[in-house]
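A.B. asks: Next come the chains, spelled out residue by residue.
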Amino acid sequence: MADSSETGEGTGQNIEGERPEPEPETVTEETTTHDEGVELERTIGLVGGLAIGIGTMIGAGIFVFPGLAAYQAGPAAALSFAIGGVIALLVALPASELATAMPRSGGGYYFISRSLGTAGGAIVGLGLWLGLVFAAAFYLVGLGHYVVAVLDEIGVALTLGPIPPHVVLGLIAGAALTALSVGGTERTAALQNGIVVILLVILTGVLTFGVLDALGVFGRQSVPDTFFSKGYFPVLSTAALVFTSYLGFAQVATVAGEIKQPSRNLPLAMIGSVIIVTVFYAVTILVATSTFGADRLGQFGETAMVNVGRDLLGLPGAVLILVAGLLATFSSANASILSASRSIYALSRDALLPRKASEINLKYGTPHVALAMAGGPILVLVATDSVEILAEVASFLHLVMYALICVALLVLRRRDPDWYEPDFRMPGAPALPAIGAVASIALIPFMNGASIVIGIVIMALSYGWYRYYAPDIRLKGDI
Amino acid sequence: MTERPSVLVPIRVLEDESLPEGTTELLAKAHVVLLGYHVIPEQTAPGQARMQFEDQALSRLDAYEELLVDAGATVDQRLVFTHDAQQTIDRQIAEYDCLAALVPRALAAVEDVLVAVRGTVGLDRLARVVGGLFADRGIDVTLYHVTSEDESDADVEVLLDGVIDRMDENGFDTDHVDTRTDRDVKPVDAIADLAETYDVVVMGESDSSLSTFVFGMPADQVAERFLGPVLVVQREPAADPEASDADDQP
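First to last, the protein sequences are chains A and B. Mapping to the numbering used here: the first sequence position 145 is 145, numbers consecutive. Every number in the numbering used here is 1000 more than the matching position in the second sequence, counting from 1.
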């Protein structure tokens, strides 16, 4: 097992005089062990890890983006998703290697702060928190659209004054989810696993039918379309937009400290979930565009898949997709809020945020401050109702982290410190991680100007926070 | 000379579950694996709970350890933050190869012990626990068996004599052993009813089957009805290499 006792310690203190928590002594397959016989049990298995990855990702890619993507890129939107999948895989590989070397909670933040230093870590860590906040807001707006669509289906048209109904519903859902995370002690993980299984079953069914239909098995005419009907550039800008569909695998790493048999389960869960969702996304877009043609699909907006389901299977198809869409956007938002809270904990543990931020509520045993630091900004962002900006900023902040994860791998492989003993070594280094870093950054210029500006401002503020709050903290090599 | 049987004592240390009255006397001759654990909801990282509660939990555990040591026990102490109490308890039992786990409850004094003998499996471990904990202390033990339909009285006698022999080997004075059998009763009910006149119940962990899956382990059912402490003798650990895989104790 990765014994890591011969490493340096986090040093320095922040302006409140707090120091980084000492790191644990050993990491075993089942526990993280501190001195004096204090252990942290690992309780998430492979299925749980896959469910976190898939559950976070699939909400966006299948249930929100197809209409928007087809509108922008035509049938070639499938290629946009494939590009996103390839980049995600290029990052999932180094992330897996780093995670097996450092199976600690905090994910990308942890890897980068330990290998590249505190400044990079702070930018990525605060960026990860806010990136997840943007992502959760995006999922909640999507959830609002699905609730509106459900109400529409049963003949209820909401009018809630000047604010669009899906925003109000998204806000309610966001507030409810945050409250539930603070006060609920039910076994949410089991629920999450169940939701993901149901989703995959529904999708496999509908998509199988759709593929057969597209191949003409049922003798219907599918809509012929030119693949690059909108040209080549939109394929890349759409790839940048829909990359939000690939953020979930990194969330597996944020709970790396709780995954059983991390050397086996972390790589399987991260790489596996990327491959699974990429296949689902590509098939979904192909089926959706062959059913309606990209132009009509684009007009259906966020809930375009409901129309696809209806066209393929009639009312039951629409109902299935509605149910799946609700579950998927809900589970994505939920997973993002919890991951955001974990990121805040990781930062607070290292004294980059006040220790108070990870305080646990004595009544419920939940981190109410961290959850509020996730839920509060999420509500503000939901209120903006700008799906594309929310998605792109989330992607921006994650892409920066992804690029740095690749860089961290290259640096660690070259420097090869004593403590760096990954159980999983990615193939193709240094070429593949280098390509992964370049590809991650290369996606950013294809975004909206506003998204890029917001992303850069957040990074600058994160760096400013680090300089102001904790300039003396040293985390490099503190494993 | 007998070995000290290792007994797991799980305590939900931060939920005001303390070492119950009389436990120190009960386990005076044991090697106690004192497991303080704290179950946290899934929204919370175990490390987060550790940051906040470690000191408080450790100081309580240290106090319990001192009481146990004063009474004569040897103690290993662990503190675990977990999402899943059962997994944690099972893992500790495996890592320390505990012969028995205690359902910790208060008791006045250890004078009469009820030992439920189920079948031939695990008798050796049962006798080691009873002999190791209760020998030479003037404690009376009653071996109790519920005879099933396909067992003859002779079978039962052989079974119980076998236990007595093994207890003898483990240093237990057989003058203090009594036996009792019943027919046509439901074992769990019978044990729970009979237990009321005893201070402690010792019984085996049963194999998991569909009925234990639905109704819970018999030991748990007895523990639920009997208000005193129950020592659950653990099965022989399975001899697969997986189980000892993560075994890297100091």
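Please keep in mind that the hints were generated in silico from the structure rather than gathered at the bench. Cβ coordinates follow ideal geometry from the N, Cα and C atoms, glycine included. There could be a bad hint or two in this list.
Partner residues aside, some chain B positions facing chain A, computed with beta carbon under 8 Å [unchecked claim]:
#, residue
1, 1043
2, 1082
3, 1083
A.B. asks: None of the hints should be skipped; say for each whether it holds.
C.D. replies: Verification of the supplied hints:
1. 1043: Interface hint status for residue 1043 of chain B: holds (5 Å vs cutoff 8 Å).
2. 1082: holds (4 Å)
3. 1083: holds (4 Å)
The structure is consistent with each of the numbered hints, conforming to all of them.
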